[in-house]
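**Student:** Chains as they are written, first to last, in the working numbering: chain F, 16 to 221; chain G, 16 to 221; chain U, 16 to 221; chain W, 16 to 221.
One or more of the hints may lead you astray.
Stated by the list, open to error - If you want the footprint, here are the derived chain G segments under chain U, 3+ residues with CB under 8 Å:
1. 36 to 44
2. 98 to 112
3. 118 to 130
4. 135 to 142
Stated by the list, open to error - One-sided excerpt, in silico: chain G residues whose CB lies under 7 Å from chain F:
5. R55
6. E59
7. G80
8. V213
To be verified - When the alpha-carbon atoms are kept at most 25 Å apart in a straight line, the in silico SDA-like pairs for lysine to any residue are as follows:
9. W/K162 <-> F/R215
10. G/K162 <-> U/T88
11. W/K162 <-> F/S91
12. W/K162 <-> W/V149
13. G/K162 <-> U/H87
14. G/K162 <-> U/V213
15. U/K162 <-> W/T88
16. G/K162 <-> U/S91
17. W/K162 <-> F/V216
18. W/K162 <-> W/L176
Worth flagging that the hints you see were computed from the coordinates, not collected in a lab. For each residue, glycine too, the CB sits at the ideal point set by N, CA and C.
There are 4 protein chains.
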Amino acid sequence: MTDERSRRPSEGSRVEAFSDGVFSIAITLLVLELAIPALRGGFETQLVDEWVSYIAYLAAFATIGVLWMGHHTIFSRIRAVDPGLLWRNLVLLLTVSVVPFPTAVIASSFRVGTERDQAAAVVSYGVVGMASGVAWLLLFSYLRGHKRLLDPDTDIHFFRLTEPLITLVGYGASALIGWFVSPPVALLIFLVFPVLYVLRVRSADW
Amino acid sequence: MTDERSRRPSEGSRVEAFSDGVFSIAITLLVLELAIPALRGGFETQLVDEWVSYIAYLAAFATIGVLWMGHHTIFSRIRAVDPGLLWRNLVLLLTVSVVPFPTAVIASSFRVGTERDQAAAVVSYGVVGMASGVAWLLLFSYLRGHKRLLDPDTDIHFFRLTEPLITLVGYGASALIGWFVSPPVALLIFLVFPVLYVLRVRSADW
Amino acid sequence: MTDERSRRPSEGSRVEAFSDGVFSIAITLLVLELAIPALRGGFETQLVDEWVSYIAYLAAFATIGVLWMGHHTIFSRIRAVDPGLLWRNLVLLLTVSVVPFPTAVIASSFRVGTERDQAAAVVSYGVVGMASGVAWLLLFSYLRGHKRLLDPDTDIHFFRLTEPLITLVGYGASALIGWFVSPPVALLIFLVFPVLYVLRVRSADW
Amino acid sequence: MTDERSRRPSEGSRVEAFSDGVFSIAITLLVLELAIPALRGGFETQLVDEWVSYIAYLAAFATIGVLWMGHHTIFSRIRAVDPGLLWRNLVLLLTVSVVPFPTAVIASSFRVGTERDQAAAVVSYGVVGMASGVAWLLLFSYLRGHKRLLDPDTDIHFFRLTEPLITLVGYGASALIGWFVSPPVALLIFLVFPVLYVLRVRSADW
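Chain F with its partners taken away, still in its complex shape (with noise of 0.2 Å):
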């Protein structure tokens, strides 16, 4: 087995190239999602008419990148996989490809939608990034449980729970917000999720 190690790329990278596809893939259909106008005139009009549809997609790029760049730090911290890895990966996966999705609802609720309409969409949305915070928990416990699969020189306290539970929290709040206060509100906290994962990687040791 170590030797089969040292003649090929190791376990993790097959699983990496794996989630990477997914990745690469969910964060390109989103594209598919913006409505191209099919009607003779009014190309313009309908063009600028949709920026929600454009916010929608911003938000949903950014969270599938950062969730992206999360997950590239985690593998860069693991040497080999089990399948119990291998299928909590797969759910998160799940949470990940599924993105394009609500992102899709948001915008045709902005488009033809009413106010609940809108409301149920941002719900969906929420709904979609708490099963994403559980997704992490779920591979972080396992990861703290499991130290043979990291790099022995890896420091436990990377895989705190705190995070994802901040995912989880933030955007059950968030789909609260667009329920009962306002879904545009809601829309822009989407937004912003991402940004701040951003700037806090950025303040953080690296």
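On the provided structure of chain F, position chains G, U and W as indicated by the hints.
**Tutor:** For chains G, U and W alone, coordinates are given in the frame of chain F:
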């Protein structure tokens, strides 16, 4: 040739990269089949009513996920590829990349169809599952007969034909159940299959 | 430069990765062209009646699959890339990634069109096949004239122009047959081509 | 850390893999925007009449292709990544993955729209091109200020800001031409840009 191999990733690597691409795309394309509410009002109800689509999505996601886990496990034992292996791998990828089709048919049948439509839909999914079983049979038989493609320390019992046979029979039986008994029951079985696989793998040696 | 190459995957690797991405996406996107029944009743009949779409799908899948096999074989002989090779490779990838279009046109023509529509559709597929032949000609000619990009032990006869010429003529002839004789016959030829390629490769040295 | 790097592909590799994924998916998704004839009769005419879509497709394909070539060239000089580079790379990928949208808008505008619709469409494409120029400016400025991320033997003049500035001005000027003079002329310029890039790269040192 040996020289080239030391200079570049092994041939097997590129087959894995191409296969990873197909797996990750197929699994991510599934999201395009979820129906986005497009009419003013009732987003909330429509999003909830779509629960069968979500189950079909989960079943297909989990199925492609465990197929990838299986592929990953097999190819970590392969040290060289030849045309015979390549085209059998292509047949396998065909059965993977076609999965979004019956998944969408199931979702559509539960959204608009009669019970007979639903039955036809789950049968189409079952047929794809059976085709997958056949593809794994082809691949395993080939590897059993071409040990020089495998890592020297690979136990040939690793490629016993029982598992793909169980897949073949299992999906065949589910299709029959879907047709003669109940489409929803078949759908639930499609969701249970990958979960069973993960549970079995976890208890098995790794 | 030599130093860098020992530290990181060869330049060729990244071209392969990008190309693998295009091949695997194009081959997986084909599934989106299969028509999903959307009206209550008759799913069963519609799924069976779509058999021409399935044949077109199989033909396109097998074609992209063997094109990938060819690309894999060629690039395993390449040890360096330059801009001239990169853009010729891009032209080749163009002819690959456009394949889902004529495939969908064929499927649509057999679903709703007249025989003349079907003829036009198979001609469009044939034109893409001919473009692919031209792209391979461009690539092979370039490699024959730039041996420094190849592994030193590569036999230049490996890049003889006969094969892409046969592709070019073969797809041209099929298009003519589809236009003047019978569209279904041309469709069957499109399915047979990749099978012949696999048979020929198997008997050839590997 | 150094230890880890010798054991696994460099950090830069995974950024390249993710980026390659986005580039290859964006370039392949373009094909989905080509309109498939769906009404009985006249496939032949429709396929020919769609020639503007083909030009838009070629322009977008070539543009993403040369952007990939540029990305490939840049990242072959990068030996380490940090969060600041990662998010700038994400912004760059955003401008790449959004390309299929204005491309589809152009195709739609020439299929059904007025001349003003066409003008709006080419302006939307030009805006995306300008955004791409800005993203490259961000990336180049960052790399110029963080030489420790680069291979030691990299000439800093390699990252001179002239080139992204030309891109920015070029697409801005094309958008103005498209709006005030003629949309088809702007479309042709979009096709010429990537060709010029390839010609320039070929004559430049490699």
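**Student:** Could you run down the list of hints and mark each one as holding or not?
**Tutor:** Here is what the structure says about each hint:
no. : hint              : result
1   : 36 to 44          : holds (count 5)
2   : 98 to 112         : holds (count 8)
3   : 118 to 130        : holds (count 7)
4   : 135 to 142        : holds (count 3)
5   : R55               : 5 Å, holds
6   : E59               : 4 Å, holds
7   : G80               : 4 Å, holds
8   : V213              : 5 Å, holds
9   : W/K162 <-> F/R215 : 23 Å, holds
10  : G/K162 <-> U/T88  : 22 Å, holds
11  : W/K162 <-> F/S91  : 23 Å, holds
12  : W/K162 <-> W/V149 : 20 Å, holds
13  : G/K162 <-> U/H87  : 22 Å, holds
14  : G/K162 <-> U/V213 : 21 Å, holds
15  : U/K162 <-> W/T88  : 22 Å, holds
16  : G/K162 <-> U/S91  : 23 Å, holds
17  : W/K162 <-> F/V216 : 20 Å, holds
18  : W/K162 <-> W/L176 : 15 Å, holds
The structure fails none of the hints (numbered hints given earlier).
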